[in-house]
Structures are given as structure tokens and as C-alpha cells.
Amino acid sequence: MNFLRFILGCFKIIFSGSRVYFAWLFFLLMMIIWGGSGYLNQLENGLIVTNMRDSVSWAFYIGNFTFLVGVAAAAVMLVIPAYIYDWKPIKEIVIFGEILAVCAVIMCISFIVVDIGNPQKFWHMLPGIGTMNWPASILTWDFFVLSTYFLVNLTVATYLLYCYFYKKHYNKSIVIPLVLFSIPMAVGIHTVTAFLYNALPARPFWNSALLAPRFLASAFCSGPAILIILFQILRKTTKFEIKDEAIFKIAELMVYAMFINLFFTIAELFKEFYSHTEHLLYWKYLYFGIGKNTELVVYAWSSIIMSIIAFVIFLVPKTRYNFFTLNLGAILIYSSVYIEKGITLIIPGFTPDTLGQIYVFVPSSTEIHTAVMIFSLGFLLFTFIVKIAIEIIFEGYSIDSLKIKKTKQYIDEKELTSINN
Amino acid sequence: MEKENTKVSSRRDFFKKSGAIAGGLLLVSMLDPLKQIKALAGEKPKGKGAWYGIGVDLEKCIGCGSCAKACKTENNVPKEPFFFRSWVEQYSVTANGVVKVQSPNGGVDGFKQPVLDKEIEKSFFIPKSCNHCAKSPCEQVCPVGATFISPDGVVLVDETYCIGCGYCVQACPYACRYLHPVKHTADKCTLCYHRIKKGLAPACITVCPTGAKIYGDLNDKNSDLVKFIKEHNCTVLKPHLNTKPKFFYNALKEEAE
Amino acid sequence: MPNQLRNLIIVFAIFVGLFLTARHFLVPKTFGDLGHYRADALQYNIDHEKKFVDTTLCSNCHTDISNSKYVGAHKLINCQTCHGAGNKHIENPTINKMEKSSEREFCAKCHAKNLARSSTVIKQVDITKHNIDSKCVNCHNPHSPEIKMAQVASNQNKKDEPAICIMCHDKIDKIKTKGMHKSVPCQSCHGEGLNHIKSPSKSNMFKPSKREFCGKCHGIGIAPKSKGIKQIDLKEHNIENKCIDCHIGHNPLEFK
Numbered sequence: 106m107n108f109l110r111f112i113l114g115c116f117k118i119i120f121s122g123s124r125v126y127f128a129w130l131f132f133l134l135m136m137i138i139w140g141g142s143g144y145l146n147q148l149e150n151g152l153i154v155t156n157m158r159d160s161v162s163w164a165f166y167i168g169n170f171t172f173l174v175g176v177a178a179a180a181v182m183l184v185i186p187a188y189i190y191d192w193k194p195i196k197e198i199v200i201f202g203e204i205l206a207v208c209a210v211i212m213c214i215s216f217i218v219v220d221i222g223n224p225q226k227f228w229h230m231l232p233g234i235g236t237m238n239w240p241a242s243i244l245t246w247d248f249f250v251l252s253t254y255f256l257v258n259l260t261v262a263t264y265l266l267y268c269y270f271y272k273k274h275y276n277k278s279i280v281i282p283l284v285l286f287s288i289p290m291a292v293g294i295h296t297v298t299a300f301l302y303n304a305l306p307a308r309p310f311w312n313s314a315l316l317a318p319r320f321l322a323s324a325f326c327s328g329p330a331i332l333i334i335l336f337q338i339l340r341k342t343t344k345f346e347i348k349d350e351a352i353f354k355i356a357e358l359m360v361y362a363m364f365i366n367l368f369f370t371i372a373e374l375f376k377e378f379y380s381h382t383e384h385l386l387y388w389k390y391l392y393f394g395i396g397k398n399t400e401l402v403v404y405a406w407s408s409i410i411m412s413i414i415a416f417v418i419f420l421v422p423k424t425r426y427n428f429f430t431l432n433l434g435a436i437l438i439y440s441s442v443y444i445e446k447g448i449t450l451i452i453p454g455f456t457p458d459t460l461g462q463i464y465v466f467v468p469s470s471t472e473i474h475t476a477v478m479i480f481s482l483g484f485l486l487f488t489f490i491v492k493i494a495i496e497i498i499f500e501g502y503s504i505d506s507l508k509i510k511k512t513k514q515y516i517d518e519k520e521l522t523s524i525n526n
Numbered sequence: 016m017e018k019e020n021t022k023v024s025s026r027r028d029f030f031k032k033s034g035a036i037a038g039g040l041l042l043v044s045m046l047d048p049l050k051q052i053k054a055l056a057g058e059k060p061k062g063k064g065a066w067y068g069i070g071v072d073l074e075k076c077i078g079c080g081s082c083a084k085a086c087k088t089e090n091n092v093p094k095e096p097f098f099f100r101s102w103v104e105q106y107s108v109t110a111n112g113v114v115k116v117q118s119p120n121g122g123v124d125g126f127k128q129p130v131l132d133k134e135i136e137k138s139f140f141i142p143k144s145c146n147h148c149a150k151s152p153c154e155q156v157c158p159v160g161a162t163f164i165s166p167d168g169v170v171l172v173d174e175t176y177c178i179g180c181g182y183c184v185q186a187c188p189y190a191c192r193y194l195h196p197v198k199h200t201a202d203k204c205t206l207c208y209h210r211i212k213k214g215l216a217p218a219c220i221t222v223c224p225t226g227a228k229i230y231g232d233l234n235d236k237n238s239d240l241v242k243f244i245k246e247h248n249c250t251v252l253k254p255h256l257n258t259k260p261k262f263f264y265n266a267l268k269e270e271a272e
Numbered sequence: 093m094p095n096q097l098r099n100l101i102i103v104f105a106i107f108v109g110l111f112l113t114a115r116h117f118l119v120p121k122t123f124g125d126l127g128h129y130r131a132d133a134l135q136y137n138i139d140h141e142k143k144f145v146d147t148t149l150c151s152n153c154h155t156d157i158s159n160s161k162y163v164g165a166h167k168l169i170n171c172q173t174c175h176g177a178g179n180k181h182i183e184n185p186t187i188n189k190m191e192k193s194s195e196r197e198f199c200a201k202c203h204a205k206n207l208a209r210s211s212t213v214i215k216q217v218d219i220t221k222h223n224i225d226s227k228c229v230n231c232h233n234p235h236s237p238e239i240k241m242a243q244v245a246s247n248q249n250k251k252d253e254p255a256i257c258i259m260c261h262d263k264i265d266k267i268k269t270k271g272m273h274k275s276v277p278c279q280s281c282h283g284e285g286l287n288h289i290k291s292p293s294k295s296n297m298f299k300p301s302k303r304e305f306c307g308k309c310h311g312i313g314i315a316p317k318s319k320g321i322k323q324i325d326l327k328e329h330n331i332e333n334k335c336i337d338c339h340i341g342h343n344p345l346e347f348k
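Residue numbers (the numbering used here), protein chains in the order written: chain A, 106 to 526; chain B, 16 to 272; chain C, 93 to 348.
Be aware that one or more of the hints could be misleading.
To be verified - From the derived model, a few chain A residues whose C-beta atoms are all more than 10 angstroms from chain C:
id : residue
1  : 186
2  : 225
3  : 278
4  : 425
5  : 468
Unchecked claim - In the PhoX-like style, the derived pairs of lysine-lysine whose C-alpha atoms are separated by at most 20 angstroms in a straight line are:
id : chain 1 : residue 1 : chain 2 : residue 2
6  : C       : 215       : B       : 75
7  : B       : 127       : C       : 205
8  : B       : 212       : C       : 142
9  : B       : 133       : C       : 221
10 : C       : 322       : C       : 348
11 : C       : 274       : C       : 308
12 : B       : 133       : B       : 115
13 : B       : 94        : C       : 142
14 : B       : 198       : C       : 142
15 : C       : 205       : B       : 115
16 : A       : 397       : B       : 115
17 : A       : 226       : C       : 121
18 : A       : 423       : A       : 354
19 : A       : 389       : B       : 115
20 : B       : 63        : B       : 212
21 : C       : 221       : B       : 127
22 : C       : 215       : C       : 205
23 : B       : 268       : B       : 137
24 : B       : 133       : C       : 205
25 : C       : 348       : C       : 299
26 : C       : 205       : B       : 137
27 : C       : 263       : C       : 274
28 : C       : 205       : B       : 75
Simulated from the structure, these hints should not be mistaken for laboratory data. Nothing here was measured: the structure is a model prediction, and the numbers come from that model. Idealized CB from N, CA, C, for every residue including glycine.
Given these sequences and hints, build the entire structure.
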């Protein structure tokens with residue numbers, strides 16, 4: 106019953122707000138409808154309406170999936186300083202990282218669902234009621250760890266909000282183990298996602314032991330980058346509070362991740378280009394193009410250059426402590442990782458294909474529609490949960506607000522009747 | 016108060032009953048996973064029954080594309096030029112070692128007579144299809160058990176059960192799988208399982224005009240395939256991947272391995 | 093046992109119960125019988141309809157064709173390699189016809205010259221040169237390609253009359269019948285052709301090109317005068333060129 110009241114409170118928060126808030130919701134809703142039309146087309150006609158073919162059989166959807174797994178994993182990275190080092194300024198905002206993780210995982214699973222030909226048979230993959238091919242298939246592992254990670258973060262976020270709502274102190278023996286558990290899980294989801302590619306000897310481009318470490322390093326760059334920007338927006342537009350100190354601490358942690366990310370990239374490039382085996386073909390296509398096919402070269406280099414610039418910005422204290430350059434750096438590293446985890450990770454895995462042919466993949470309008478739909482859905486969900494969290498944590502919305510309103514309403518009605526009388 | 020008490024006790028009854036039912040079901044279905052584990056433990060009849068494989072004598076292959084065309088007919092493979100269960104490639108190697116691979120419409124319409132190019136030193140055709148690997152990566156990665164190796168060594172897809180995730184398409188080093196645009200499931204060569212189980216040769220082998228392609232039981236010492244492998248210097252495609260393919264090529268050139 | 097714990101256990105038991113019930117109904121019956129798959133899927137694959145039929149069914153009706161086929165170089169080739177799957181035809185032969193292609197490109201799929209084809213395995217011709225005027229099946233019996241149509245006809249007649257030439261060179265005949273040379277037999281210009289009919293690629297026909305050859309009929313003072321044959325003074329008429337540089341031999345009033 107108490108929990109139902111909490112849910113009721115949440116709904117009340119969601120359906121009240123400023124004009125800007127409703128305009129934002131309306132915009133997202135329009136994007137969902139616009140994108141949904143594309144996905145309906147795909148449901149009707151199958152994956153043939155995408156530009157994925159035999160040669161490039163995973164593409165835009167899976168690229169977004171991989172990127173979002175990174176976001177989900179890295180969002181929880183904030184937990185580490187907050188709980189292990191008991192770093193107070195971050196502790197209050199850890200919950201936002203967890204909310205981001207929850208939304209990112211939902212988007213991830215949505216991207217898997219849209220990428221399969223028979224989404225109505227998706228349940229075949231569930232443990233127990235389906236016939237999950239566990240432990241042989243890495244895809245089942247990935248699905249399993251993602252679901253677990255989702256449940257852990259959802260539980261923690263909901264429980265914390267629930268306690269704030271009822272003005273209770275949360276039970277440390279429940280929260281702390283779960284939060285600590287979510288740290289290896291965050292590493293786990295991204296590692297398993299990397300293994301998803303890594304496990305295919307048929308695709309030499311992915312068959313590198315450095316893939317999982319690179320995934321983690323880049324995720325720990327992009328996830329906090331989103332949070333840095335997000336916290337600043339929230340700080341300006343709502344009563345959300347965060348000290349500069351906390352933002353700079355996050356930025357400092359990102360420097361390590363960015364350095365490791367660059368280092369891994371260089372290590373990989375050295376190995377491939379120096380040993381010059383037949384597997385270099387894919388790297389050549391990525392960084393220099395093969396013949397007239399130089400589609401990816403711009404992306405590959407811009408990703409590396411953006412990553413280096415962002416690293417320098419974050420490394421130099423003067424630029425790190427300046428919000429303009431800090432935000433610039435965050436945007437650069439975010440774009441760099443989005444390219445790295447999307448187009449330049451997936452496409453060279455397939456190109457040139459086993460026949461030596463080059464199929465130039467460009468996402469079809471259906472794919473873009475569907476991706477917009479999923480991102481808008483994710484943003485909508487994220488907006489809702491963040492609004493709930495801000496109102497409960499920073500604006501003091503609680504069980505009392507529900508009661509006060511009720512009594513107020515009661516008084517209003519009484520006054521009305523007395524006036525009528 | 017009394018009312019509430021009865022309510023509680025009846026609820027408890029319900030829980031007890033449902034608990035008993037659950038327990039019973041648990042016992043019943045405990046047998047299920049055991050069955051699976053037993054099957055996994057190696058009761059695969061590898062040594063006993065047939066263990067099918069394919070062989071091609073590349074010296075005899077003339078690249079007419081009859082196999083690719085017949086396969087499309089026999090198995091209702093979509094006509095579009097990017098869906099193939101069986102296809103033919105032509106390799107051309109120039110004197111300075113540049114390898115060019117062609118497969119216009121998978122060879123279904125045959126290969127046009129090439130314009131004479133003095134640069135080209137050697138050229139050869141390779142008919143390809145599923146290699147029916149004994150350690151097939153596609154079977155390994157399928158998340159739901161929709162792709163499997165039949166007891167006689169043929170890699171098959173359970174169309175009714177496949178979710179169409181496409182993971183097997185990535186995992187196949189031989190590019191022999193595709194997502195069927197109508198069925199929305201993975202699709203591949205079945206070695207014409209419906210024919211071989213009735214004693215007929217697969218469609219591609221039935222129509223091969225030069226008898227370059229054969230199939231047979233690797234466990235049967237007198238089968239055509241076993242004789243073919245003994246008499247010829249056979250290799251498989253991409254042996255370094257250790258997928259144990261069962262598609263044996265005679266006279267396979269190094270450029271194609 | 094505290095109440096809460098007991099409630100928790102009960103709820104848990106219900107979940108497990110529901111889960112197992114769902115599993116009971118959702119997991120296919122034969123899943124796991126043979127491995128991590130639905131054993132019924134084997135039968136599902138076996139039940140697929142077959143399209144290519146046994147060729148004894150073909151020879152039951154088309155005895156003459158199969159007899160001629162079993163002596164030639166195509167004897168080992170399945171009928172359906174060229175004619176497509178026979179499942180529909182055997183159901184209703186009058187409505188569902190087999191595929192039949194007489195295009196040069198069809199034969200070229202196997203017989204076109206290609207570096208990748210072994211000459212010991214298959215006879216190849218350069219289809220850009222080999223008698224480009226005609227379809228392969230005009231000269232070669234597709235069911236037994238050693239049998240050449242013209243040879244069969246000449247064996248029956250013991251002659252090399254134009255009708256036999258036309259069998260392979262039908263396009264030339266079409267040009268010829270349009271013009272003044274339509275009544276001139278092929279042999280008048282190209283000579284005796286019995287050897288060419290026997291082995292067309294080895295023994296070529298005579299191809300006249302000299303002015304004097306045309307002059308035999310058309311030259312003033314050389315040819316016997318007769319009505320309807322155009323007479324030309326070889327010493328004056330465009331002396332630098334050969335006749336066939338301008339005139340098409342088979343239809344001389346058409347110009348190149």
C-alpha cells in the first residue's frame with residue numbers, strides 16, 4: 106500500500122510541471138510517433154527495409170546498442186568514488202548515474218529487439234521459459250547480465266527514492282551491497298558486450314583481446330561526459346544541486362580513462378600495422394580506404410583527433426577547471442566515442458566481406474526513424490525519472506505533499522459548500 | 016476481527032496449495048534439464064550413423080552455375096541477388112599476385128565469357144555453400160538453440176524457433192547464411208536434408224553436369240566421398256579457424272584458402 | 093519463523109510455480125531430446141517439398157530423346173540441369189511446360205571460352221567468334237551435341253544443297269533472299285561443301301574476294317551475256333577497291 110502511494114506520488118510529479126517541461130514532453134512524443142512510423146514499416150516488411158544485407162548484417166542498431174551499453178556501464182562509475190572513498194559531494198548524485206544506467210539499458214535492449222527479425226519470438230532467449238543456449242552463446246550472456254544490471258540499478262534507484270519519499274533513512278545493509286555489486290556488473294556488461302564481437306574468429310577485426318579493455322576505457326570516457334553536461338543543465342533549470350568540486354572530480358577521473366583509451370588504441374594500431382598480416386585489410390579500409398572506397402576514413406580520423414583534443418583539454422588543469430573548455434572537451438570525447446563504438450567498430454568488421462567485396466552501408470530512413478524512436482523513448486523515460494528524483498530529493502516532495510494536497514482539497518471543498526450554503 | 020482471520024487462513028491455504036503444485040511441477044520439470052544435460056554429455060551418435068559431408072573436384076568444375084540455380088529452385092531461396100544457399104565464385108589471379116573474386120548473381124546466370132586479359136595468369140571456379148562444420152561456430156553462438164547439428168552431421172535451422180537475431184550470420188566464416196526476407200529467420204544450405212533422407216542426392220549435386228560435386232557418408236568406408244578424399248589431395252576452406260568443415264575441395268588453390 | 097519471512101517464501105514459491113508452469117507450456121516438447129534443439133525440427137526439415145525429380149520419370153515419356161541422349165557427350169547430364177525442376181511438369185505435362193532455352197548464352201554458360209575451365213573436361217568455343225549468325229541448336233543436337241543437324245541431312249540426301257547450308261547459316265539466307273542473288277545457289281560462289289559439313293571447324297568454305305571472281309558473272313566482255321545480270325566494266329568501275337569493299341556479297345545492291 107505504501108508503495109502504491111509512492112507510485113501515485115511519482116505519477117503526480119510526472120503530470121505537473123512548467124510549460125517548458127510539457128513542450129519538451131510534446132516534442133519527445135512527436136519524435137516517438139515520427140520514429141514509430143518507421144518501425145511499423147519494419148515490422149510489416151521485415152529487416153529488408155533496413156540497409157543491412159548479407160555482407161553487413163549488423164550495423165546501425167547494434168552500433169547504438171554497443172555505445173549505450175558503454176553509457177550504462179560508465180554511469181555507475183560515479184559510484185566508485187562515492188562509496189569506496191566516501192566522497193560526499195558525489196554521493197547525492199550517484200542516484201542520477203543509476204537512473205541513466207537504467208534508461209540506457211532499456212534503450213540497449215530495445216535496440217536488440219528491433220535488430221532481430223522475429224521480435225515476437227524474443228522470449229525464446231529468456232532463461233527458463235525460453236531455451237537460452239547458455240553458456241555457449243555469448244548473446245545469452247549479454248542479455249542475462251544486462252537484465253541483472255538493469256534490475257540491480259532499478260532496485261537501488263527506486264528504493265532510495267522510496268526512502269526519500271517517506272523521509273526515512275535507507276537501510277545501509279540493503280543499499281551498499283547492491284551498489285557494490287553493481288560495480289563489477291557495470292564492468293561485466295561491457296566486457297560481455299565486447300566478447301559478443303570478440304567471440305567471432307570469423308571476423309578478424311573484432312577478434313582482438315584488447316577489444317574488451319578498449320570498450321571499458323572508452324565507456325568510462327563517454328558515460329561521465331554525458332553526466333557532466335547533464336548535471337550542468339539540471340543545475341541551471343531545476344533545484345538540482347551539485348558542487349563544482351564534484352564535476353571537476355568526475356573530469357579528473359575521466360582523464361585516466363581517456364589516457365588508457367588512447368593508449369589501447371595506439372597499442373592495437375601498432376600490433377596490426379607492424380605485423381602486417383592479412384587481417385590488416387580491415388584496418389586499412391578504416392584508416393586509409395581501399396581503392397576508391399574511403400567512406401570511413403573521415404570518421405576514423407575525426408574520432409582519433411577529437412579524442413586527443415579532449416584528452417589535452419581535460420589533462421591541463423587550466424582548461425579542466427574552465428566550464429567552457431570542459432564542456433567542449435566533454436562533447437568532443439562523447440562524439441569521438443559514439444563514432445568509435447558505432448560506425449568504425451561495426452562496419453570494418455564486415456568490410457571487405459568474405460568475398461573481398463565492399464558493401465557500403467548507409468542507414469536507411471527506416472533505421473534512422475527506429476533509432477530516433479528508441480532514443481526519444483529513452484529520453485522520455487529519463488526525463489520522467491529525473492524529474493521524480495529532483496522533486497523528491499531536492500524539492501522536498503514527499504508523502505506529506507500528497508497529504509497536504511488532500512487536506513487542502515478537503516478544506517477547499519468545505520469552503521465551497523459553506524459558501525454555497 | 017474474525018472475518019479477517021478467516022481471510023488470512025484461506026489465503027494461507029491457497030498459498031499452501033499453490034506451493035504444493037509448484038513443488039510438483041518442479042519435480043516434473045527437473046527431468047527436462049537432465050534430459051538436456053544428458054544430450055550435452057556426448058550421446059551424439061557420431062560414430063554410429065551417417066556423418067555427411069560434401070566433396071568438389073575443382074578440376075572438373077566448369078562454373079556453369081547450375082548448382083546455384085537449382086538450389087534457388089529447390090529451396091525457394093529468394094530471387095534477389097544477395098540471397099544464396101549455394102553459389103559459385105570465380106577467382107582470377109594476375110602475374111603479380113593480385114586476386115580478384117567475382118560472383119555475378121552468385122553464378123546463377125552463369126559467367127559471361129571474359130574478355131581476354133593477358134595479365135591474368137590463372138583462374139578457377141569455386142562452388143561454395145555451407146561447410147557443415149563439425150565444430151560449427153553458428154551453432155555455438157545461436158542464443159536459443161534454433162541452429163543445430165543433426166545427428167548425421169548436417170547443420171540445420173529450426174525455422175519455427177529462430178528469432179532472427181543474425182548472430183549466426185556474423186559467426187559464419189564462410190558467409191553461407193542470410194536472413195530470409197519473408198520468413199525473417201536465418202536460412203542456409205541444409206544439404207537438401209529432405210532429399211538425402213529419402214535417398215536422393217542434393218539438388219546441386221543432381222544437376223552438376225560434370226559430376227564435379229559429390230556428397231556422402233564419411234563413416235561409410237565405401238561411400239563415394241570417402242573414396243574421393245582418399246584418391247585426391249583434398250583441403251578445406253579456412254582450416255586455421257578449426258571449425259572442422261566437411262566440404263572437401265580437390266585442387267584448391269592457395270589464393271582461395 | 094517471522095511472518096514476513098514466511099510471506100516472502102510463499103510469494104517466492106508462487107513465482108517459482110508460475111515460472112515452472114510457463115516453462116512447461118512454452119518450451120517445445122521435444123526440445124533437448126537430441127541436443128540443445130527441438131528434435132522435431134529434423135522432421136520439419138525433412139518434410140520440405142522436393143522439386144527435382146528422378147529422371148527415369150522423364151525417359152518414361154520422352155523415350156526417343158533419352159535414347160539419343162544416352163549415346164552422346166551429354167549422357168551424364170541430368171535432364172533438369174537444362175530444363176529446370178520437373179515436379180510441376182510431371183503433375184500436369186500439358187499445362188506446366190519445362191524450361192527450354194535455345195539462346196546462345198544458355199549453351200555458353202558451360203561452353204564459352206574461359207581460362208578457369210579445363211579443356212579436358214569441357215569443349216569450349218569462343219562465342220564472340222564461333223558462327224555468331226546462328227543459334228547453337230540450329231547446328232548441334234542439344235541432346236547429343238556430336239550429332240550435327242546438317243550432317244544428318246546431307247547423309248540422307250548425299251548432297252550439299254542450299255537447304256542444308258541454311259540449317260546453320262540461316263541469317264545469311266535471310267539477307268540473301270532479299271536481294272538479287274536469291275536464286276544463286278551457295279555452291280556457285282563457295283564451291284563444294286561436303287567436307288565442310290563433315291567437320292565445319294576444320295574445313296572452311298571458299299570465300300571469294302577478288303574482282304575477277306565477281307567479274308566472271310558481271311564483267312563486260314568476260315561474262316556471257318544474259319538478261320537480268322548487271323554488267324560492269326572492270327577496267328573503269330572503281331578500280332582501286334575490291335567489289336566486296338562496297339557491296340555486300342550476299343545482297344549486292346546493299347552497300348556497306
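| Any of the earlier hints contradicted here, and which numbers? | Going through the list in order, the structure violates no hint and respects every one.
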